[in-house]
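Student: Chains A and B, in that order, are what the protein sequence lines are. According to the working numbering, the residues represented by the first sequence are 13 to 383, in order. According to the working numbering, the residues represented by the second sequence are 13 to 383, in order.
It is worth saying that the hints were derived from the structure and are not from the lab. One or more of the hints may lead you astray.
[Unchecked claim] In silico EDC-like links for lysine to aspartate or glutamate, alpha-carbon gap of 16 Å or less:
(1) A:K241 / B:D383
(2) B:K241 / B:E146
(3) A:K343 / A:E323
(4) A:K141 / A:E193
(5) A:K141 / A:D106
(6) B:K241 / A:D383
Model, not experiment: these values are computed from the prediction.
Number of protein chains: 2
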Amino acid sequence: MTQSESSAREAFDRAVAQGRVERLEYDGLTLERCNDDVGHLPRGSIRAAGRVLYGYPHIGRILVLRRGLTEQLAGPFHVEEKINGYNVRIARIDGRLLAFTRGGFVCPFTTDRLPDLLDPAFFDAHPDKVLCAEVAGPGNPWLDASPPFIERDVRLFAFDITEWNRADFLPVNELQTLLEEFALPAVPAWGWSDAEHYDELAARILELNEQGREGLIFRQETPRPRRVKYVTARVNLEDIQRSATRMPDMPAGYFAGRILRIALFLQEHGLDAQPYEEALGQALLGALDDTLTQLQRERRASQPFTCRFRERHNAERLVALLQRVPGHKVKIVIHGIEPEANGYWRLRFERRYPLTNSLLYELLGGGLIYD
Amino acid sequence: MTQSESSAREAFDRAVAQGRVERLEYDGLTLERCNDDVGHLPRGSIRAAGRVLYGYPHIGRILVLRRGLTEQLAGPFHVEEKINGYNVRIARIDGRLLAFTRGGFVCPFTTDRLPDLLDPAFFDAHPDKVLCAEVAGPGNPWLDASPPFIERDVRLFAFDITEWNRADFLPVNELQTLLEEFALPAVPAWGWSDAEHYDELAARILELNEQGREGLIFRQETPRPRRVKYVTARVNLEDIQRSATRMPDMPAGYFAGRILRIALFLQEHGLDAQPYEEALGQALLGALDDTLTQLQRERRASQPFTCRFRERHNAERLVALLQRVPGHKVKIVIHGIEPEANGYWRLRFERRYPLTNSLLYELLGGGLIYD
Numbered sequence: 013m014t015q016s017e018s019s020a021r022e023a024f025d026r027a028v029a030q031g032r033v034e035r036l037e038y039d040g041l042t043l044e045r046c047n048d049d050v051g052h053l054p055r056g057s058i059r060a061a062g063r064v065l066y067g068y069p070h071i072g073r074i075l076v077l078r079r080g081l082t083e084q085l086a087g088p089f090h091v092e093e094k095i096n097g098y099n100v101r102i103a104r105i106d107g108r109l110l111a112f113t114r115g116g117f118v119c120p121f122t123t124d125r126l127p128d129l130l131d132p133a134f135f136d137a138h139p140d141k142v143l144c145a146e147v148a149g150p151g152n153p154w155l156d157a158s159p160p161f162i163e164r165d166v167r168l169f170a171f172d173i174t175e176w177n178r179a180d181f182l183p184v185n186e187l188q189t190l191l192e193e194f195a196l197p198a199v200p201a202w203g204w205s206d207a208e209h210y211d212e213l214a215a216r217i218l219e220l221n222e223q224g225r226e227g228l229i230f231r232q233e234t235p236r237p238r239r240v241k242y243v244t245a246r247v248n249l250e251d252i253q254r255s256a257t258r259m260p261d262m263p264a265g266y267f268a269g270r271i272l273r274i275a276l277f278l279q280e281h282g283l284d285a286q287p288y289e290e291a292l293g294q295a296l297l298g299a300l301d302d303t304l305t306q307l308q309r310e311r312r313a314s315q316p317f318t319c320r321f322r323e324r325h326n327a328e329r330l331v332a333l334l335q336r337v338p339g340h341k342v343k344i345v346i347h348g349i350e351p352e353a354n355g356y357w358r359l360r361f362e363r364r365y366p367l368t369n370s371l372l373y374e375l376l377g378g379g380l381i382y383d
Numbered sequence: 013m014t015q016s017e018s019s020a021r022e023a024f025d026r027a028v029a030q031g032r033v034e035r036l037e038y039d040g041l042t043l044e045r046c047n048d049d050v051g052h053l054p055r056g057s058i059r060a061a062g063r064v065l066y067g068y069p070h071i072g073r074i075l076v077l078r079r080g081l082t083e084q085l086a087g088p089f090h091v092e093e094k095i096n097g098y099n100v101r102i103a104r105i106d107g108r109l110l111a112f113t114r115g116g117f118v119c120p121f122t123t124d125r126l127p128d129l130l131d132p133a134f135f136d137a138h139p140d141k142v143l144c145a146e147v148a149g150p151g152n153p154w155l156d157a158s159p160p161f162i163e164r165d166v167r168l169f170a171f172d173i174t175e176w177n178r179a180d181f182l183p184v185n186e187l188q189t190l191l192e193e194f195a196l197p198a199v200p201a202w203g204w205s206d207a208e209h210y211d212e213l214a215a216r217i218l219e220l221n222e223q224g225r226e227g228l229i230f231r232q233e234t235p236r237p238r239r240v241k242y243v244t245a246r247v248n249l250e251d252i253q254r255s256a257t258r259m260p261d262m263p264a265g266y267f268a269g270r271i272l273r274i275a276l277f278l279q280e281h282g283l284d285a286q287p288y289e290e291a292l293g294q295a296l297l298g299a300l301d302d303t304l305t306q307l308q309r310e311r312r313a314s315q316p317f318t319c320r321f322r323e324r325h326n327a328e329r330l331v332a333l334l335q336r337v338p339g340h341k342v343k344i345v346i347h348g349i350e351p352e353a354n355g356y357w358r359l360r361f362e363r364r365y366p367l368t369n370s371l372l373y374e375l376l377g378g379g380l381i382y383d
């Protein structure tokens with residue numbers, strides 16, 4: 013057994029001993045899922061057939077680009093676009109290609125759609141490797157955000173390759189060689205840079221901001237691997253707009269954190285604050301007004317999702333997972349799984365936000381609150 | 013012993029038994045202060061010389077005027093202005109007139125300034141009665157909000173009379189008779205109304221909104237005493253603007269709650285949302301920008317207070333109280349107590365918000381956060 017194998021096994025056994033591992037069945041496979049960070053083993057780590065697939069690590073965020081780059085990164089760094097989607101790890105188990113969510117569940121949607129998203133030849137040549145990617149687009153079942161350049165359905169953007177039993181990732185040059193060799197769709201990247209090229213990087217982020225794109229990841233490899241992320245004011249505005257429709261259900265500090273990011277972004281890049289102020293006020297009050305109107309008209313406020321599957325039973329599996337993972341106690345209401353003309357199946361469902369519904373309904377009805 | 017006496021004594025003894033009472037010394041007096049709600053005894057209740065001064069009760073808030081009035085109040089109600097200040101209870105103990113904060117501390121500022129705020133003749137005639145009032149104005153030491161119609165210093169607005177050992181209040185007619193008889197300054201009131209006069213009440217609240225005033229209290233006496241409050245969109249906007257300068261130190265839900273109140277206000281009264289959206293965005297981003305600018309220039313963000321005393325030793329007592337009651341761990345920095353030409357003493361101090369300072373300073377320095 014290699015050192016990384018025994019270290020992965022020990023880490024996972026520790027998580028088991030701490031009661032942090034649960035057993036999952038997926039289509040005849042038995043998997044173990046680590047449901048919390050345990051030491052260096054991230055939440056979402058998986059064990060299958062004695063091997064460990066590490067959870068994807070957290071990436072720190074800087075809110076000020078200039079000082080952030082000089083303080084957090086020592087050497088040159090690789091500059092990559094941050095895509096506004098959900099994180100998956102794609103791996104072959106027992107001959108089957110599966111996509112895992114950040115939390116360590118098999119994602120039936122991504123798994124179903126893998127043939128549309130990438131060429132599996134990579135895994136034929138490298139069966140022990142794991143591809144890490146963001147899946148994004150308006151047809152995804154996990155989040156209502158979507159990059160502006162994806163008009164429908166979803167796309168996949170690879171950004172890392174690791175392998176079973178390893179907590180680290182391939183260096184950028186090896187990663188890019190493999191992504192190109194197998195024509196895997198990758199996150200847009202702008203090559204190597206450093207903190208001295210601040211003006212260029214600031215221009216890049218302002219361009220992304222103009223386009224409503226999310227931001228950048230800066231990846232350093234020496235003296236030690238380290239990444240930081242930095243996002244645009246516009247994507248924070250959009251987060252606020254979407255989330256304001258369900259304000260009572262959002263976690264504490266959600267809005268304050270994003271408003272702070274916008275203020276720091278505007279100040280650092282010397283942007284005219286007025287259009288952002290107007291957009292922020294509109295995002296908050298407009299979204300709430302929409303929710304109140306929906307509540308008064310339909311007696312409930314909810315958010316519709318539509319996503320497309322190759323196989324009907326995968327849509328059913330996603331439904332089962334959505335209902336199993338209540339994510340802040342959101343209620344999932346299934347509207348149906350219907351065949352499309354093109355051979356796909358269309359799942360329509362909605363997320364209902366319980367606090368938003370109950371609190372606003374209560375208040376609209378003349379309810380009293382003590383604060 | 014009357015029934016109310018023994019019931020007050022029992023309630024206070026229960027709070028003592030539960031470890032919820034602390035002993036305070038003030039200028040030679042020994043007082044007991046209840047530091048949490050215990051059954052029907054509110055936090056801030058006081059015992060002195062065997063008698064109990066009940067804490068001021070919480071008043072519920074409606075966020076929708078029309079339904080709120082019909083749902084929460086049964087009969088006619090008395091309509092009074094809600095003044096944006098701090099709550100005091102004024103009582104005579106051992107021959108001395110003292111003002112208590114909502115939390116049950118003697119307020120050295122209010123107590124010092126009582127000769128400027130009201131005529132004590134009321135207490136000569138009614139030594140066992142307690143006057144409940146709001147003290148408001150830019151020269152107060154407790155909150156940075158102030159009604160727009162008070163240009164300097166502070167004013168007092170009485171709204172209730174109770175007495176030692178009693179949890180209830182005088183009926184409106186007796187209250188008003190006494191307030192007039194002793195020329196005590198009172199909250200503006202508009203007499204009796206009911207839910208059928210909604211249009212009139214809505215017009216009243218829109219007027220207060222235009223003037224930047226806080227809102228209304230509706231007080232019902234039959235079939236049982238009950239009050240509700242309803243506030244304007246503008247005062248919520250102002251709360252947001254002031255508090256956004258110290259956003260990281262504000263409690264969870266602070267901003268969300270106020271934004272929701274504004275959205276409901278605009279919708280109910282059919283107001284054009286656009287100026288409010290602009291003002292809201294400006295309040296949030298402008299205030300943060302001010303704080304960031306202050307931090308970068310002065311290396312700290314803080315809020316200045318100036319208040320005026322008749323006696324220097326009362327300013328010193330307030331300083332001691334401010335430093336004893338850290339209120340969310342805010343740091344108090346005293347700038348000095350100086351004589352004014354008119355015989356008063358001027359206390360200048362500032363409140364420094366620790367999370368705002370540490371978080372923003374860290375972020376401006378390029379700090380990393382994980383979220």
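Student: For each hint, tell me whether it holds in the structure or not.
Tutor: Checked hints:
1. A threshold of 16 Å between alpha carbons decides the hint, and for K241 of chain A with D383 of chain B the separation of about 11 Å falls inside it, so the pair holds.
2. Of the pairs offered as hints, the one joining K241 of chain B and E146 of chain B holds, with about 14 Å between alpha carbons and a cut-off of 16 Å not exceeded.
3. Note on K343 of chain A and E323 of chain A: the hinted pairing is violated, with a Cα-Cα distance of about 24 Å set against a maximum of 16 Å.
4. Taking the CA atoms of K141 of chain A and E193 of chain A, the gap is about 15 Å. The hint holds against a cut of 16 Å.
5. Between K141 of chain A and D106 of chain A the alpha-carbon distance is near 13 Å, which keeps this suggested pair within the 16 Å criterion.
6. A C-alpha spacing of about 11 Å is found between K241 of chain B and D383 of chain A, which places the hinted pair at or below 16 Å, so the restraint holds.
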